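Colleague: Here is what each chain is made of, one letter per residue.
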Amino acid sequence: MTTTTKHPIISLFASVQLALFLLFLLASTSIIGTLIPQNNQPAYYVERYGHKAAQLLQVLDIPDMYNSWWFLGLLALFALNLVVCSAERIPQVIRSLRRDGLEVLPEQLTKFPIRGEVILPDAPAAAWERVDSVLKNKGWAPRHVDKQDGRLFFAERGGWTRFGVYVVHCSILIILAGALAGSSSVARRILNNPGFAFKGSIMLPEGESTDHILTFKTGERIDLGFALRCDSFTIEYYANGMPKTYRSEVTILDNGQPVQETAIEVNQPLTYKGVTFYQSSYQPYQQYRVSLQKRGTALTTATLIQAAKQVDWPEGGISYGIINRETQGEVTRRLKIWLTDNQGEPSVFWLHPNQEAVIERPSGTYLLTIRQMYATGLQATRDPGVWLVYGGCLLMLIGLSIAFFLSHRRLFVFVTPSEQGSRLLLAGDANKNKGGFEKTFEELRKALEI
Amino acid sequence: MDSSLLFGITMLAYLLATACYLGLLLFKGKGIGRLGMLLAAAGAAVHTAALGLRWYESYQIGIGRAPLTNMYESLVFFAWCITLVYLALEFRFKVRIVGAFVMPFAAVAMAYASFSDRMDSQISPLIPALQSNWLIAHVVTCFIGYAAFIVATGLGVMYLLKESAGDREGTHGITGSLPELKVIDDLIHRTIIFGFLWFSGGIITGAVWANEAWGTYWSWDPKETWSIITWFLYALILHARFTRGWRGRRIAWLAILGFFVVLFTYFGVNYLLSGLHSDG
Ligand code: HEM
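Chain order of the listed sequences is A and B.
Quick note on the working numbering: the first sequence kicks off at 1 and runs consecutively.
Quick note on the working numbering: the second sequence kicks off at 1 and runs consecutively.
Rather than coming from a laboratory, the hints here were simulated on the basis of the structure.
Just so we're clear, the structure is a prediction, and the values are computed from it rather than from any experiment.
We treat Cβ as the ideally placed atom computed from N, Cα and C, and that holds for glycine.
Among the hints, a few may not be true.
In silico lysine to aspartate or glutamate, EDC-like type, Cα no more than 20 Å apart, as pairs [unchecked claim]:
no., chain 1, residue 1, chain 2, residue 2
1, A, Lys273, B, Asp186
2, A, Lys439, B, Asp186
3, A, Lys217, A, Asp61
What the simulated footprint calls covered on chain A by chain B, stretch by stretch (three residues with Cβ under 8 Å from a Cβ of chain B suffice, anywhere in the stretch; the number is not a length) [claimed, not checked]:
no., region
4, 30-44
5, 213-220
6, 235-246
7, 267-281
8, 292-300
9, 384-393
Chain A with its partners taken away, still in its complex shape:
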């Protein structure tokens, strides 16, 4: 091998010491952001830590440290370290794999870490046969060459597994690349195209639609190129009152035409044209939609009403209103309804939202349902890098499995004539899990004996 003197910067970045140092720095500085709450208003830090300290925190970008110049810089150095280090070693691996085992000198075999000897009563020609067939039987593919005083067999397995480590390293770069591709800051500042990657949200009242969203950090308006309508929002509860489901029924409108109707729930987002919508919050309004029907007639009505206001439905011949409410926060859990047709006592009863009440009145039977009006809070994300990230993650698991559990094993058998017949000198090595290979090696040696 030729040795060339390298630039000291290159040798620094090719070194594992730097990698260890950077891993240590990344791990220890990451702690800061878990102790100091992130992404609050400047006033928060002044109140909590005092003026001087808050100023220092701002200078060091601590309130948003995982996006700060110095933390991203550390990650960049880490990536560079990985690239240079791997780029320097991969050619060495390729070179060492190209080196033919048959070129080994028989004397060198005695220096191998794993060795063994077998004496066979056969003449060398029969011994060659035996070595060849036993190795093939055990799944090796031996080749041979005739040396001065004997025949050398060589076989290897798993040479490619030496690349497992580099699959892992490469996967880290792919994940970082995916993170960059999906970063809204990169899209805004470098690509000058905020629509390329963004995270934002929209509060969409039932019945309304939107063709844009607002980004989280900058509040920028991003046009979707299509519209999303919220048809309804519902919350379901468990018996103990804990929320079970938040669901938005939505319709996608492309060019004004409805193209898709779906429900969005937590853990069940909707993706359309690269934009993914997540159920993230909701806003109850103190407004109710009442649907009324007079049984046996075609008379129906649907109106938006507020609490404590009397509403008249002259066609149906009744008046009604909400006279009391049971609420949990801003969410209405039960409503007390008052309804009369001006004949006899008014009907007064409690009703859950979305439940149907059947009300018998002297003038007929009425069906009433009432529901609270909501706006659904949707988060909208466009992240073109996520598939790179997922692909990188998968590659990492594959690479780790290769690097940890598979090894490159080489096996040599040198056959020389001896007084008893033939002498077999066995040698082998493995780049990992030597103990495991020793067992395989021992089995082979036994199989070669008669």
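For this one, chain A is given, so just place chain B with the ligand on it according to the hints.
Modeller: Structure of chain B with the ligand alone, referenced to chain A:
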């Protein structure tokens, strides 16, 4: 019979197993060691049945979910993983004495889950964000990883104990029954490798889950940050060993440091810092 009774039996079995293993360490009786192993294995079997029963019970009360989603359940599951990882190690490498350094962790985890006021052992329904199969995959993979790191910690302690006794005690003192330093060192390495692979899977499934639920696979909340810190630490250990040739005492100390980082990631973040994760 209900699952809490079975969990109680499990805890008892683990405590007794721990006692037997300590007996093995102190008196080197082969029989007591075998008894410890049998108790640990029987405890693990009951434990498995208890987890299954609790899962079934959740269906009976109309909730129907895997028993993996609050601190109590995660701690119980943690103890289960520790025991299984230990038993696998024992069967694969025939090192019974390791139980003396690992089963105490499983016993303490079960006891803490049963007796701490912080633990709520009720089966409560899942809030919408936690209703995801990715969550199950996330918890299972993470905990196998954590459990392996705990086993590595036990091995680290064992290494240091053996080393501090040196040749002085030979095969007579307490440490006489421990495997050779080289063997322990190799076991630490293998256990960390195993844990690292699973823990990587844990971080990845967690990221996929977060992306399904919130549209962000990584948001640097304290739990996520501490898990990546843990991951960096073990990556560092692997590189120090593989490329710098660190062995023995240094790796043993790092494996013990790993215990505190894992513990903080698992508990400390929930109790001392604030974030999204409620379950561990
Ligand atoms: C957190 C990020 C990293 C991960 C997950 C990772 C993963 C791995 C793994 C799994 C191995 C195989 C270890 C073994 O078989 O025991 C390895 C080896 C190695 N890593 Fe990394 N690595 C990372 C970062 C780096 C960086 C930044 C460098 C830069 C110098 C580096 C340099 C090396 C080298 C030189 C080897 C040995 C390769 C060989 O000689 O076969 N690693 N890495």
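Colleague: Next step is simple, just say for each hint if it's right about the structure.
Modeller: Hints, verified against the model:
1. Lys273/A - Asp186/B: Not OK: Lys273/A and Asp186/B at ~52 Å, beyond 20 Å, violated.
2. Lys439/A - Asp186/B: At roughly 16 Å apart (the allowed maximum being 20 Å), Asp186/B and Lys439/A satisfy the hint.
3. Lys217/A - Asp61/A: Cα-Cα ~16 Å, so holds.
4. 30-44: holds (count 7)
5. 213-220: That given contact is violated, which follows from only 0 residues of the region 213-220 of chain A lying within Cβ reach (below 8 Å) of chain B.
6. 235-246: With 8 residues in contact (Cβ-Cβ under 8 Å with chain B), the coverage given for the region 235-246 of chain A holds.
7. 267-281: With 7 residues in contact (Cβ-Cβ under 8 Å with chain B), the coverage given for the region 267-281 of chain A holds.
8. 292-300: That given contact is violated, which follows from only 0 residues of the region 292-300 of chain A lying within Cβ reach (below 8 Å) of chain B.
9. 384-393: holds (count 4)
Going down the numbered hints, you'll see the structure goes against 1, 5, 8, while the others check out.
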